[in-house]
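Number of protein chains: 2
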Amino acid sequence: MNTYEKMPLEQLRDEYTKLKNEYEAIKSKKLSLNMSRGKPSSEQLDLSMPILDVLDSKSNYKAENGADCRNYGELTGIVEAKKLFSEYMGVGLDEIIVLGNASLNFMYDCLVRAMLLGVLGSEKPWSKYPKIKFICPVPGYDRHFSITEFLGVEMINVPTYETGPDMDMIEKLVAEDETIKGMWCVPKFSNPLGITFSDETIKRMANLKPKATDFRIFYDNAYASHIIYKDVELLNILDECKKAGNPNMVYMFGSTSKITFPGAGVAFFAASKENIAFTEKQLSMQTIGHDKINMLRHVRFLKDMDTLKEHMQKHAEIVRPRFDMVIKYLEEELCPLGLGSYVKPDGGYFLTYLTPPGHAKKIIALCKEAGVVMTDAGATHPYGKDPDDCYIRIAPTFPAIEELENAMKAFCVVTKFAVVESLLNKQ
Amino acid sequence: MNTYEKMPLEQLRDEYTKLKNEYEAIKSKKLSLNMSRGKPSSEQLDLSMPILDVLDSKSNYKAENGADCRNYGELTGIVEAKKLFSEYMGVGLDEIIVLGNASLNFMYDCLVRAMLLGVLGSEKPWSKYPKIKFICPVPGYDRHFSITEFLGVEMINVPTYETGPDMDMIEKLVAEDETIKGMWCVPKFSNPLGITFSDETIKRMANLKPKATDFRIFYDNAYASHIIYKDVELLNILDECKKAGNPNMVYMFGSTSKITFPGAGVAFFAASKENIAFTEKQLSMQTIGHDKINMLRHVRFLKDMDTLKEHMQKHAEIVRPRFDMVIKYLEEELCPLGLGSYVKPDGGYFLTYLTPPGHAKKIIALCKEAGVVMTDAGATHPYGKDPDDCYIRIAPTFPAIEELENAMKAFCVVTKFAVVESLLNKQ
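Chains as they are written, first to last, in my numbering: chain A, -15 to 411; chain B, -15 to 411.
Think of the hints as simulated: they come from the structure by calculation, not from any bench.
Only a predicted model underlies this, so the values are computations on that prediction, with no experimental measurement involved.
Be a bit skeptical, because a hint or two may be false.
Any copy will do: because identical chains look the same in the list, a pair fits if it lies in one copy or spans two.
Straight-line C-alpha distance at most 25 Å; calculated DMTMM-like pairs for lysine to aspartate or glutamate [to be verified]:
no.	residue 1	residue 2
1	K112	E138
2	K352	D52
3	K346	D360
4	K46	E387
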């Protein structure tokens, strides 16, 4: 029970008046603040400005193997980019394709090809089933769910704990239903909880025995090196899949979107050798190749894993005070009142605040009225439907720290106000 | 009748021996020459090296509207890129989306979305029909045909003349068959004939009355500014479609692949405002945006249409001697014998040589044995099947001029040898 629930009615009414005044005062400031998207701040982007200098008109534009990076060719990416990003993803040189600027687009692409043509080992294209389904651990990434809904794939919610998704439930579901063709996940510093899958979770995922023999785990390792407070070891799922005799079950995705420049980075796809060969063949139908000049730029700037990790430490130093600020406000303003809860992330781009049930929509709407934009309520769930109406994804990276403080002040007042108003409305 | 056909048998046998010796001499040189793909030469790529200097760590990275090109956003492209490339494509600012590095991939994308979801005005997704068909003017671009075949769309050959595809045939086909959902074309300096559609062709295309109300012309204007000998005016098909009351019937594609760097260029999609709005909405499901840094680079380097045209003149100066060389050999070695024919292109990347019927495969195979790689026989036709076995696409841009001369010498000997051998085999 939170503090307000225990409060005598008279006092609660006073509290309401006080909070309403505070809320009106915030509204009168006509704020324009945004904590809705996982965008790096301008300071973070400044870290990567030297990438614009590593390849100019005087530079060598040839890849290690002599390929002219200015011309067509090298469908799976230049070899030095494969070397760096295969190490990043923990896979072999023949287990990676280096892509264009967006891993999300390639996830869409993979699902599209599966729908229209099937994956390696499919009896028929997935679109030839009356209905196929994907498992969606919740809360999760709204853009995964949008792609899935857009392509007409039914989504099944599975809860997520601090160790990862509910594996009992997933094991049961996939074993029984051959129309469950895949699952989404963000295994490290997850979007939006910030949790990392435990070794047991990864092992159980790798050992799944799906009824659909062409089941695929869409493993979006978007934040593999995006530490805020401390690194957490993530077991290598491709290795585990191989051990389990399921080498082809996982599609891994990654990118430099939040290492260098979102939109001007490099994405990659990692999977078993067989999956890569199969995908390369399909890919050769749709494109001649990706931007090799930008791959070369990335390799020259990021150099090796040590340099990349140092670069990510600089990101962490910029991002950490922002997370500290959000946590400070939650800890000082809401937690003492027993109002909701949150999970402290070790890394990634988000923090999830769980409101008292039934309050997320209301809080987000009131914030919006006060000029503070949060991710839409329900965005963390398939079809935009959070059954408990309690998940709020907070994205602290983009705003300047002073703006973030103002946004969090407003957020805390709004949250209290919303809860108190609900209590009074129930009277 | 060609010279060899009129030759007395004895003399033909002598000719055969002479040509065989010449062919063996060529083979003994162990050449490694390639006239197979439409790739710019290294000299051409050198023209665009300054694009690597226009945006460095000291540069302004903001778009005209203030958007930070290093971050997420601007799904349809930055405004200055839209301005330049909408002028290039002859459309309005709200009739263009500036994309990533490959227009081909976006053509694939458009067809995929049509298959899975339908286009604006579709009753149902195209994949829900037992079979849909596309009209393919022949000879055409092999990668268009690969995409179409890959996605299970049936292809119907329509012959191409110097004015464009056979419009009588197309008008009749689309009026009768509602499963004909689209057609491919390269309207200017076409791949591989090098012809440009006449005003009448464009008007008749714009005035098509397809039984399928969601019919789309996939209009790949890849060589809009790629003059070799002289520019040819191409009527604006979007304007004509609007006049005809068919504003949504055309999807136009273009790119800087052969203006700056293939693979590291910028592509664009132009269509009616309604098609753009519809496509933007679908696109928002699959990606957050394309590489805006590279868009900015392109605008700063290409500046405006005048500068772009000057840049293309420099390309022409490099490309022209190569086409001259091919034409010289065809004119001097094959035409006087009445062996086959060719169409002289005004621009583009290719030249088509028509062998005497039934000889393309043989010539290409013999060339390959002699170390001269040509585009595969049949590549100019759907399913790789050239019914007359006579089309050979010559791509002169990539090899150095001396290499090209050696390749053409070999090609002419091989062609004569192949024809003479066939004649003798018939005896």
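Verification of the supplied hints:
1. K112 with E138: Intra 14 Å, inter 18 Å, cutoff 25 Å: intra and inter.
2. K352 with D52: between (51 Å within a copy, 24 Å between copies)
3. K346 with D360: For K346 and D360, only the intra-copy Cα distance (11 Å) is at most 25 Å; the inter-copy one is 64 Å.
4. K46 with E387: between (45 Å within a copy, 21 Å between copies)
Against the hints set out earlier in the document, no violation occurs for any number.
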